[in-house]
Structures are given as structure tokens and as C-alpha cells.
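*Asks:* For the sequence shown, this note's numbering assigns the number 1 to the initial residue and increments by one for each residue that follows.
No lab work stands behind these hints: they were computed from the structure.
Mimicking DSSO-like on lysine-lysine, the simulated pairs with C-alpha atoms at most 30 angstroms apart in a straight line are:
# : residue 1 : residue 2
1 : Lys46     : Lys57
2 : Lys46     : Lys59
3 : Lys24     : Lys46
Model, not experiment: these values are computed from the prediction.
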Amino acid sequence: MPPADSGRAVTHWTPEELADEVIKRRIVESISATTVRTLLHEADLKPHRSRYWLNSKDKKEDPEAFAQQVQVVCDCYLEASDLYFEYHTHVVSVDEMTGIQALERIAPTKPMVPGYVESREFEYMRHGTLTLIGNFHVATGRVISPTLGACRGGDRSRRDRASLERRRFAGQSEHDFCTGSGRHAPRYAY
Numbered sequence: 001m002p003p004a005d006s007g008r009a010v011t012h013w014t015p016e017e018l019a020d021e022v023i024k025r026r027i028v029e030s031i032s033a034t035t036v037r038t039l040l041h042e043a044d045l046k047p048h049r050s051r052y053w054l055n056s057k058d059k060k061e062d063p064e065a066f067a068q069q070v071q072v073v074c075d076c077y078l079e080a081s082d083l084y085f086e087y088h089t090h091v092v093s094v095d096e097m098t099g100i101q102a103l104e105r106i107a108p109t110k111p112m113v114p115g116y117v118e119s120r121e122f123e124y125m126r127h128g129t130l131t132l133i134g135n136f137h138v139a140t141g142r143v144i145s146p147t148l149g150a151c152r153g154g155d156r157s158r159r160d161r162a163s164l165e166r167r168r169f170a171g172q173s174e175h176d177f178c179t180g181s182g183r184h185a186p187r188y189a190y
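Assemble the whole structure, with the sequences as input and the hints as a guide.
*Replies:* The structure is reproduced here in C-alpha cells:
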């Protein structure tokens, strides 16, 4: 339950807020924020943290079509080993991580010395953003020919394909496939 549902003016629970709330609800007579912090740590819970995630619109708009798409991908993954070992066909799952910040500290990190921990410069210079494209070989579990660079649409797609083509083995056929997302350019499996 979010803190706002308990009438609290915070967006995320802190150990102090949780301690106060469980006492208020009479779950316990008394508890310190330190004890709450320890319990959260032991349970590997981090109520003060969050991260973004994205659901497919297809899942809500057309659940049957979404389920069929998921089944196709799952079947492809399940057949990947047989395709690889029996027919020398490689199933490669391609995905990208966009918006990776290219940062450079404005001063070098100072190593630790007796009495002082390592000191890292707080300020940095920005050098734009990068996109990491990973090519996951489903049958072997290896990432092959990952690329890191600025995303330039079709140019990037051609470079990524060229990188994969250099990894081809003799006697293999080429099969086109899409990642299943309209935001991504088509990728290829060998």
C-alpha cells in the first residue's frame, strides 16, 4: 500500500514512516526505525526505491493476439537448441538499451590512502547518449557481436546486421525476423 493511502505526505516508505505506521495501526506496541531498517535489509526489500517498466498495450487491447505472439516467441526459444544442433540454424534474440548516458568525470578518481576512502569527483561532463544492442544466441546463451553507439535509425540497423554477418559460419542460411516491437528496426537470425 502506498504511503498516501495511509494519509502520509511521502511517496515512498522510509524506515521511520514504517515504524510510525505499524505502531499507529497497533501491529506492534513499539519498534525503532533501526529495527525496521534491519528487517527490510534481511528481507531484501527496498521500499524507498523504484524503477520504470513498460507493459505492451497489446496485452490490454487484444489479449488473445498478445498471447499468440508470446506463444510464437516461446516456441522459437524452445526450438532454438534443436535448430542449432540439427540444422545449423542460429536463433538470435536482439534487443536494445537506449539512453545510456556517456559521462566523464571532470577530475580523476583519487585512490584510497590510510584514513581516507577512495574519492570520486562528483561533477561530470556529458557526451550525449548511447544505445547498446545485444544479440543473444538463444541456443548457446552467449551474447554475440554487441554494438554500442549512437542510434541513427537505418544506418545503425545496417551496421548491426553487418556485425552479425561477420559472425556467420559456412553453410548457414539467413532468416529475417522482427523483435516484435514497432519501435525497433527488423533484426536478423542466422
